[in-house]
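*Asks:* Each chain, letter by letter, is given below.
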Amino acid sequence: MAEKTKIKTATVEEIEEKDTGMTADQLAKEFKEHSVAEFFKKNKQMLGLSGKIKTLTTIIHEYVSNSLDACEEAHVLPSLEIKIAELGEEYYEVTVTDNGPGLTKQTIGKALGQLLAGTKFHRMIQQRGQQGIGAAGATMFSLMTTGKAIQVISSGGDKGTFMAELTIDPKLNQPKIIKMEDVDRKFSGTAIKAKFKEIKYQRSEQGPFEYLRRTAIANPHAQITLVEPDGTKTTFPRTSKVLPTKPSEIKPHPKGITVDELLTLSHKASGHKINSFLKNDFDRMGDKAIEEIEKQVHFDLNKDPKKMSWEEAEEIVKAFQKITFIAPRLDGLRPIGEENIKKSLQEIVQPEFISVVERKPTVYKGGFSFQVEAAVAWGGNAGREMGKDDSGQAVRKVEIMRFANCVPLLFDSGGCALTKAVNSIEWKRYGIKDVDSAPLTVFLHICSVHIPYTGAGKQAVADEDEVMEELRLALMDTGRKIYRFVALQRREAEKQLKRKLFTKYAKEVAIGIHELTKKPTNDIERKLLDIVLQKLKIEEQQEAKDDLPEELSDEEIKKLEAKEKKEKDKKTKKSRLETVEGDE
Amino acid sequence: MAVTDKKDKEVIQKLESVGAALLKQIDKKEDPQIELPVRSLNNIYFDKKSKTIKLGDKTSMRNFLNVAHTRKFMQSVLVAAEIKKVIEEEATVSIRDLYYALKHTIDGTTENTFEEQGESDPIIEDIEASTNLLREELHLAASSKGVVTGDLKIRDGKDTIDLTKMGSGGWGVPSNVEPERIEFKDVNAEYVLFIEKDAVWKRFNEDQFWRKNKCIIVTGRGQPSRAERRLVQRLNHEYELPVYALMDADPWGMYIYSVIKQGSISLSYSEEKLACPDTKYIGLSTQDVETYKIPKEVTIKLNSLDVKRLNEMASYEWFKKKEWQDEFANMKQKAVKLELEALSKKGIRFITEEYLPDKIKRKDFLP
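Chains A and B, in that order, are what the protein sequence lines are. Residue 127 in the working numbering sits at position 127 of the first sequence; the count goes up by one each step and never skips. Residue 273 in the working numbering sits at position 273 of the second sequence; the count goes up by one each step and never skips.
Here are the computed lysine-lysine pairs in the DSSO-like style, where the Cα-Cα straight-line distance is at most 30 Å: (1) B:K28 to B:K9; (2) B:K28 to A:K507; (3) B:K24 to A:K498; (4) A:K343 to A:K433; (5) B:K103 to A:K504; (6) A:K500 to B:K29.
Treat the hints as calculated values from the structure; they're not laboratory data. As the structure is a prediction and not an experimental result, all values here were calculated from the model.
Start from the sequences, fold in the hints, and give me the full structure.
*Replies:* Structure, rendered in structure tokens:
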């Protein structure tokens, strides 16, 4: 509705402008000058900069991803500190400091003051995808909401520390350096300080705290510290001292390529002919495949790839779809690793039990390799704390942590294949009766050169059949492991309860029997306790014989449900009888 | 400590034997257990000979090492021990006293041995039933709430009380009305009238109905406690006074009548001493609404719980007589119930001067 009104007003203005005699040239110039800023404003949603909490989380994500990538490239174990200070109502200052290689005076402008200047596009490599528009987008957002420049201190490679104040020229989409000078200070890394309005800090499930906590879980080699606006300092410690191996850049598989991508690749082609470009720059592309393509397209494949037209590229992509290729190579993926996930969940979630499953890499849609890792953490501090009950016990609810290429996904959870996979599991089968209110953290990570996101916001993974299948298999496997633990834990708890119950009453019973028989109380009590221990021991031996199954069968679940129902009915029936039998 | 009463000695012996049996099991390293008669609907029967409800011979075990039993087991032992103590001290205590005497926090917990009297009362009934002893023999007294007037004297210990001179309040029935404690003298009455409601009883007392009609009037203020029932049962047995019941025409009133007549499920183990099987139901009945032209506006609509209760009662063996089955059917069909007080619509003294004399004259009772 609001959008409509805007358009209408603009039309009126246009007419007025025409009346004042504005030329088409002037209009075009006006449009060009405002293009970047306008584009930015209009596409805020797509850039992840909508919603006050989400915007702040996105900004932090851009800085943190850059820092983690930079550290890894320089073979440095990342140590990050994020400080969020409240300057006024919906007005904050964000400072992100890393120990990376730093930026140089030459690269700083492009990195932080020019939109869409990154090198991350069109690389066939598993990478922390941008969710928004990069760190320069944050610079732009700062300018738009506060009119201020951002401040940076960087170790500047080997050339000494320098500081810079810079912003973006929105008309030209060029960096605008306001100040740049050397500082006499030993510093290694980059620190960026920027101010923003129209954002809000909250410790909610979609806020920066949760984002960083989960980032730390998925990046066990990083140490991340957060200072919140109220001064609370939280450090998510490093749990692995091993830098993850760099994911290798792999050649694209023909099944997973779009026309646009094909054209982009063709400009960097190594060969001088389209057929050699296809053969060299694509995975699983043999002579036989080239012959097939030649048969299906209406132009000469000896043409210079740099001169390939959109229509020609389209024909090739169509041909790719008709031809059978060997499935793509499965290396080049970089999972977090079973041990790493276990360690970081242990450190950061602090549950009583963890089970982790790493699936083997596989392929979806015939052309994209991907790999799934799943973990469940049970008991202790697992699950999301929803407050305290009357007795001060924490009330917890299931927490689903979604990750794509080591980046936590905090938004659009409902439409995401990862959430759907968790909800599709019959947790009862694994001894978890009421999963919604269980002390349970479910961890799901998908890594791929090409994550099938549902939309440009990159916050939800599409439910491709093969992806869903892998996610479900991984979760069921974790379920089987947790079932044993949960069942044993429940048994142990019941045993403790019994022991407590019987020992509690032993003394009272002994006093009563003493009164009736005049035999010594202590003697009776001791004998009663002996009987209790003897009984529990016999039960224990019995249990040891009945081995636990891997999971509950349908039949057993039905039995369980029937038992629950019976108990419930009994309760209501009993209260009914009590009201009727109001006798004496 | 030295118990002289023969009966008391016998009771103490019984309680001690319960303790001895438990000790024997414990010494054998067995899970100690107490055998108790089952006091529920599926273990009672209507004894056609005595025409009272009686307890069947089903028993159940209450075990120490059973999660569902252990608390009640502990409570049973404590109650038995406390009763023994009370008898040895030659005292009599109320069941509320007993509850408080036994209530304490269990060592190392925040749990009490008994959380409410509702926990100790059924245990007392269990012990009565399992030892086959009356509450009075265990030196326990249930609170009573009923009152009585009529032309008779009562000897209560050293006091003799003339029940014609009790004013408007009547004589409060004590909790122990056993012959050792209460004696009747100069009984000049032809029947006993058991009235459900206190307010109606007051009307009968104010009008000196008992004098004019040579009867004894009693109320238990709703469901009578065992003292009122025992008192009436003794008058019935010792002086052969017929008993008539005057209740609301609703399922609850009819149920109270059946308790007076045949006994209740929970006290089924001692109904021989409490029930008056010859009791007749004077009213109110559904038929009375027509016979006495009770205006429709003072009747109350039956609710679904009433209907359910009627159906349940219709299935009880002691309500199988045709007259009662007809009454239940009639009430369901008319879908109304009627309170005793509703008769005031026909005049304040209608109930004492017209309704009741007429009913007795016509012998218009339900069996």
